[in-house]
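Let the sequences and hints guide you as you build the complete structure.
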Amino acid sequence: MLAVIFGRPSCPYCVRAKELAEKLTAERDDFNFRYVDIQAEGITKADLEKTVGKPVETVPQIFVDQQHLGGFTDFNAWSKANLGVAL
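In this text, residue positions in the sequence shown follow the UniProt record's numbering: the first is 1, and each later residue adds one.
Hints in this document: simulated from the structure, not taken from any laboratory. There may be inaccurate statements among the hints.
[What the hints assert, rightly or not] 30 Å max Cα-Cα, derived DSS-like pairs, lysine-lysine: (1) Lys-18 with Lys-80; (2) Lys-80 with Lys-45; (3) Lys-50 with Lys-80; (4) Lys-18 with Lys-45; (5) Lys-50 with Lys-18; (6) Lys-23 with Lys-80; (7) Lys-54 with Lys-80; (8) Lys-54 with Lys-18.
Take a look at the structure:
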């Protein structure tokens with residue numbers, strides 16, 4: 001399974017989402033992730049809204065296997081429920 005995290009380096013929830021993804025990658029053979037720095041990539045809020053399919057107010061925005069989960073809290077809850085790992 002592949003997670004894609006859209007975030008910013010200055011965002012504490014983005015940092016936590018990346019930490020959780022790194023933990024999952026280390027503990028599981030079936031998990032990998034890609035972190036997309038929206039500032040470095042020049043991705044705007046409008047671009048992110050098109051990708052998500054609804055208005056976006058915060059980052060990170062996280063997808064697992066192309067399914068939108070939401071932010072860090074949603075990702076952490078999903079990880080705990082489905083993979084037994086959380087921060």
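Going down the list of hints, with the structure as the test:
With a C-alpha separation of about 15 Å, the suggested pair Lys-18 and Lys-80 falls inside the 30 Å cut-off, and the hint holds. Proposed proximity of Lys-80 and Lys-45 is supported: the alpha carbons are some 29 Å apart, at most 30 Å. With a C-alpha separation of about 28 Å, the suggested pairing of Lys-50 with Lys-80 holds against the 30 Å cut-off. Restraint check for Lys-18 and Lys-45: the C-alpha separation of about 20 Å stays at or below 30 Å, so the hint holds.
Of the pairs offered as hints, the one joining Lys-50 and Lys-18 holds, with about 22 Å between alpha carbons and a cut-off of 30 Å not exceeded. With a C-alpha separation of about 12 Å, the suggested pairing of Lys-23 with Lys-80 holds against the 30 Å cut-off. Between Lys-54 and Lys-80, the direct Cα distance comes to roughly 25 Å. Compliance with the 30 Å bound is thereby established for this hinted pair. Distance hint between Lys-54 and Lys-18 is fulfilled; the C-alpha atoms sit about 23 Å from each other, no more than 30 Å.
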